[in-house]
Amino acid sequence: MPVSQDQETGFNWSLSAEPKGLAGWREVARRSVRHLGGDERAEQLAALVVSELLTNVIRHVEDPRCGLTIERDEDHVLIGVRDRSPQLPRVGDPDADDECESGRGLRLLLGHGCALDFGRTPEGNRVRATFLLVASAGEGDG
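In UniProt numbering, the protein residues as written are 1 to 142.
Relax, there's no trap hidden among the hints.
Pair by pair, the computed Cβ-Cβ distance ranges are: (1) G119 / R59: 14 to 24 Å; (2) R34 / H112: 16 to 26 Å; (3) Q87 / E40: 32 to 42 Å; (4) H60 / V134: 30 to 40 Å; (5) L116 / N12: 16 to 26 Å; (6) S136 / G21: 25 to 35 Å; (7) E62 / G119: 14 to 24 Å; (8) V134 / E18: 31 to 41 Å; (9) L108 / A23: 17 to 27 Å; (10) L108 / P19: 11 to 21 Å.
Please keep in mind that the hints were generated in silico from the structure rather than gathered at the bench.
For clarity, every value in this text was computed on a predicted model and none was experimentally measured.
Glycine included, every Cβ here is placed at the ideal spot set by N, Cα and C.
Given these sequences and hints, build the entire structure.
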């Protein structure tokens with residue numbers, strides 16, 4: 001699992017998204033965010049984001065080769081996945097039939113406080129989730 005980039009600000013991997021590897025990538029996400037100064041909430045959210053984004057590659061993209069980045073930008077974590085899909089992902093409709101699972105994982109990330117953005121790359125798509133590195137005082141005390 002080769003890593004490139006300045007480990008003070010982030011990490012970058014090339015990988016093949018496979019179901020058997022998801023648990024390992026969730027742990028990599030937790031450790032990476034911890035290394036970047038994230039709190040426990042950020043570590044857990046990073047694991048969820050990586051799991052959802054890589055699962056989308058597994059389910060919706062023919063070619064499993066992709067790139068994963070985990071970066072710090074001041075007080076935020078940015079997690080991105082670059083894949084080879086010809087179509088941009090879409091966030092699921094909350095009013096849609098429960099039988100339709102497409103886009104539900106992205107909607108779940110929005111519900112956990114992530115900002116999402118999507119873009120095209122020469123090879124396919126980029127999906128990026130952004131969230132706080134450290135929760136504000138009192139946030140989550142409920």
